[in-house]
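Residue numbers (this note's numbering), protein chains in the order written: chain A, 7 to 236; chain B, 4 to 398.
To be clear, the hints were calculated from the coordinates, so they are not data collected in a lab.
Be aware that one or more of the hints could be misleading.
[What the hints assert, rightly or not] Below, in silico cross-link-like pairs of lysine to aspartate or glutamate (DMTMM-like), each with a Cα-Cα straight-line distance of 25 angstroms or less:
#, chain 1, residue 1, chain 2, residue 2
1, B, K231, B, D358
2, B, K225, B, D101
3, B, K224, B, D101
4, B, K205, B, D150
5, A, K189, A, E175
6, B, K7, A, E73
7, B, K205, B, E178
8, B, K383, A, E90
9, B, K383, A, D92
10, A, K91, B, E290
11, A, K91, B, E391
12, A, K91, B, E294
13, B, K205, B, D113
14, B, K231, B, E391
15, A, K129, A, E99
16, B, K222, B, E190
17, B, K7, A, E134
18, B, K19, A, E99
19, B, K7, A, E29
20, B, K7, A, E133
21, B, K7, A, D92
22, B, K18, A, E73
23, A, K129, B, E294
24, A, K91, B, D307
25, B, K179, B, D87
26, B, K215, B, E233
27, A, K129, B, D307
28, B, K116, B, E155
29, B, K116, B, E233
30, B, K7, A, E131
31, B, K7, A, E99
[To be verified] Label pairs and their computed distance ranges (CB to CB):
#, chain 1, residue 1, chain 2, residue 2, range
32, B, K19, A, E200, 38 to 44 angstroms
33, A, N185, B, R17, 39 to 45 angstroms
34, B, V333, A, D137, 29 to 35 angstroms
35, A, G184, B, Q9, 45 to 51 angstroms
[As the list claims (entries may be wrong)] Derived coverage of chain B by chain A (criterion: at least 3 residues anywhere in the stretch with Cβ under 8 angstroms from a Cβ of chain A; other residues may be distant):
#, stretch
36, 8-20
37, 297-307
38, 384-390
Even glycine gets a Cβ: it sits at the ideal position worked out from N, Cα and C.
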Amino acid sequence: MSGNGISLEARELTRVYRMGSEEIRAVDGVSLTIGRGEFVSFVGPSGSGKTTLVNLLGCLDNPTSGELHLAGRSIFGSGHILSEKDLTRVRRELFGYIFQNFYLIPTLTVRENVALPLAFYRKPETEEEVDRLIGMLGLEQRRNHLPRQISGGEMQRVAIARALVNRPEILLADEPTGNLDTKRTEEIGEVLQELNRSRGLTIVMVTHNPGLARLGERIVEMRDGRAFEA
Amino acid sequence: MITKFQVAYRNLLRKKMRTLLTLVGIMLSSWVLVSLLGFNRGYERSLNHDIENMGYQLMVMAKGCPYEAATMMLQGGTGLRYIDQTMVDSIAKEPEVDKITPILMQAFFDPNKGDGGGIAGYYGVDPATFPGMKPFFRFRQGGWFRDETAAEAVMGYEAAELEQREVGDMIIVPEKNVTLKVVGILERTGTQDDGTIFVPLKTLQKIAATDKITTIGIKLKKDADSAKLEAELYKLPDVQVVSFTQVKQTIMKLISTARVMVFSVAVIAILIAMVGVVNTILMSVLEQQQEIGILKTMGAMPGDIFRLVWTETLIFCGCGGVAGIGLAFVLARMTDILMRRILPYAPGGGLVAIDLRLALLTLTVIVTVGLASGIYPAWKAGRVRPLESIRSDGR
Chain A
7 MSGNGISLEA
17 RELTRVYRMG
27 SEEIRAVDGV
37 SLTIGRGEFV
47 SFVGPSGSGK
57 TTLVNLLGCL
67 DNPTSGELHL
77 AGRSIFGSGH
87 ILSEKDLTRV
97 RRELFGYIFQ
107 NFYLIPTLTV
117 RENVALPLAF
127 YRKPETEEEV
137 DRLIGMLGLE
147 QRRNHLPRQI
157 SGGEMQRVAI
167 ARALVNRPEI
177 LLADEPTGNL
187 DTKRTEEIGE
197 VLQELNRSRG
207 LTIVMVTHNP
217 GLARLGERIV
227 EMRDGRAFEA
Chain B
4 MITKFQVAYR
14 NLLRKKMRTL
24 LTLVGIMLSS
34 WVLVSLLGFN
44 RGYERSLNHD
54 IENMGYQLMV
64 MAKGCPYEAA
74 TMMLQGGTGL
84 RYIDQTMVDS
94 IAKEPEVDKI
104 TPILMQAFFD
114 PNKGDGGGIA
124 GYYGVDPATF
134 PGMKPFFRFR
144 QGGWFRDETA
154 AEAVMGYEAA
164 ELEQREVGDM
174 IIVPEKNVTL
184 KVVGILERTG
194 TQDDGTIFVP
204 LKTLQKIAAT
214 DKITTIGIKL
224 KKDADSAKLE
234 AELYKLPDVQ
244 VVSFTQVKQT
254 IMKLISTARV
264 MVFSVAVIAI
274 LIAMVGVVNT
284 ILMSVLEQQQ
294 EIGILKTMGA
304 MPGDIFRLVW
314 TETLIFCGCG
324 GVAGIGLAFV
334 LARMTDILMR
344 RILPYAPGGG
354 LVAIDLRLAL
364 LTLTVIVTVG
374 LASGIYPAWK
384 AGRVRPLESI
394 RSDGR
């Protein structure tokens, strides 16, 4: 199945880990479709498989079985395993990632951190994107500051700008406010919502925070490796 | 826009002390290496210069220890043996001989020289033939002796400087209490001649109460067969022939042990520095696993990460190497003095000859060895998988 309106489609996606003789089905036959421009939140208790699922959807890991189609392209299927290089190629074309820890490079300024992905891969006409995103995310006054000179909320905004600089199709956010207080959490939530609305960005977010999850148009609840629409 | 080079360079600034210590290690090994290579070249060049500036290619002297003969040839010696001066005329008839000069070396104990006295070396030379052997001699003051029996002396540059002599001064030959008038002071030659006092041969023979000589200096005709002449000279009774090549080989043998020792130190220094590089880069890679993982989520390929880490190694080795070479240039004089203390014999002139070519060679060696050391950490960094690195942050 492919189509212009579909950003991501998973069929019977499964990820099994083996620990000695024990088999853990972290993701157990998940099928779901996420449309282009949708904002989907994944919730669930710790160990329910939500991060593992998002890692599979975001091509950070190979599934044990199942199929994945991204933007009309077949990525995983028929037992085909992608190499690290192939996974990187898919990731850099389609995804932007933000995590609970911001992983900014401490010796680079805000602007340099935002521009960092362009040192490795650059889509056409992304030159102006750095300053545009810095402006859009309210970081103009901080552009020449080092990460240690800005607040946690600002750091996550820098991480968001960095994730978006190569104009990804899908933004994957894994606990993006896990290290932030309530006020900063609200700020980041608003930023994500605004990006979804104004740029039509597909957002796939994992969170423990029910308030933040409600910003999504859809909420998918994970339990024992299975996905349920809430 | 930021480049990979900038990322690598800034990364080294994170742990400034660690970076500095690693750089110092590379700098020191680079210094040792370039100084050693410079010494290898400088020593041989100075030795060649010394021997060429002797003015003759062969010396004939009484039979004895070849090492003593070599020492005598370059800086005078003790326990001298004598040969008959009539030998000069018979050797001069050989077709290979261009010029020939008799020399008498004498050493007297001077109680006023240095702390506790020292040996003062005198060269008795023939005013008719010796200057022709040394056409490159230039006088700072005065000139050669007025006649072959004059009670006069020509002082080498350093000998005159040491005793603060001027033309017209009188010097006393120690032990003999004979007074000589200084008639000439030579310009610096960078050879052992700088420390020598030249006296007319007949005058020195009179002072030493002998009619013999210690050495005969022979300059060969152009394209003359040196080996053939040496064979002929060995037919003379109780003499040995020392050639330019022999002397050079003998001295190079004498210093070979010192060269091996210094070379070993350089190799060890480089190895230690490179272990430091591996340690620093590897630590840096391990500390930044999460960030490397994030770079991979941004689109960095394993090759990009490899090059990034390799660039860090390159910056380390490039900066450390250049600093070490700079240090070697600055400390060349000190290294020279140090080497002179260690070595059994050191020729005049600079012992450490460092030039741009040598500097570039050293830099190439340091960077090549450094890059080889960086392969493992860079390979390890390139293999970091984003998922595992993000998981490894303790969440």
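The hints, checked one at a time:
1. B:K231 - B:D358: 39 angstroms, violated
2. B:K225 - B:D101: 8 angstroms, holds
3. B:K224 - B:D101: 5 angstroms, holds
4. B:K205 - B:D150: 10 angstroms, holds
5. A:K189 - A:E175: Violated - the C-alpha atoms of E175 of chain A and K189 of chain A are around 28 angstroms apart, more than 25 angstroms.
6. B:K7 - A:E73: 36 angstroms, violated
7. B:K205 - B:E178: 18 angstroms, holds
8. B:K383 - A:E90: 14 angstroms, holds
9. B:K383 - A:D92: 19 angstroms, holds
10. A:K91 - B:E290: Satisfied, since the Cα-Cα distance of roughly 23 angstroms is no more than 25 angstroms.
11. A:K91 - B:E391: Holds, at roughly 15 angstroms.
12. A:K91 - B:E294: Cα-Cα ~18 angstroms, so holds.
13. B:K205 - B:D113: 22 angstroms, holds
14. B:K231 - B:E391: 80 angstroms, violated
15. A:K129 - A:E99: 8 angstroms, holds
16. B:K222 - B:E190: Within the cut-off at roughly 23 angstroms; holds.
17. B:K7 - A:E134: Since the Cα atoms of K7 of chain B and E134 of chain A sit roughly 19 angstroms apart, the hinted pair holds (cutoff 25 angstroms).
18. B:K19 - A:E99: 36 angstroms, violated
19. B:K7 - A:E29: Violated. K7 of chain B to E29 of chain A sits at ~42 angstroms, over the 25 angstroms cutoff.
20. B:K7 - A:E133: 16 angstroms, holds
21. B:K7 - A:D92: Holds. K7 of chain B to D92 of chain A sits at ~22 angstroms (cutoff 25 angstroms).
22. B:K18 - A:E73: Given pair K18 of chain B, E73 of chain A is violated - Cα atoms ~45 angstroms apart, limit 25 angstroms.
23. A:K129 - B:E294: 22 angstroms, holds
24. A:K91 - B:D307: 11 angstroms, holds
25. B:K179 - B:D87: 23 angstroms, holds
26. B:K215 - B:E233: Holds, because 22 angstroms separates the two Cα atoms, which is no more than 25 angstroms.
27. A:K129 - B:D307: Given that 25 angstroms is the threshold and the Cα spacing comes to 17 angstroms, the pair holds.
28. B:K116 - B:E155: With a Cα-Cα distance of about 20 angstroms, the restraint between K116 of chain B and E155 of chain B holds, given a limit of 25 angstroms.
29. B:K116 - B:E233: 39 angstroms, violated
30. B:K7 - A:E131: 20 angstroms, holds
31. B:K7 - A:E99: 20 angstroms, holds
32. B:K19 - A:E200: 38 to 44 angstroms: 40 angstroms, holds
33. A:N185 - B:R17: 39 to 45 angstroms: 21 angstroms, violated
34. B:V333 - A:D137: 29 to 35 angstroms: With Cβ atoms ~46 angstroms apart, the hint is violated.
35. A:G184 - B:Q9: 45 to 51 angstroms: 30 angstroms, violated
36. 8-20: holds (count 6)
37. 297-307: holds (count 10)
38. 384-390: holds (count 3)
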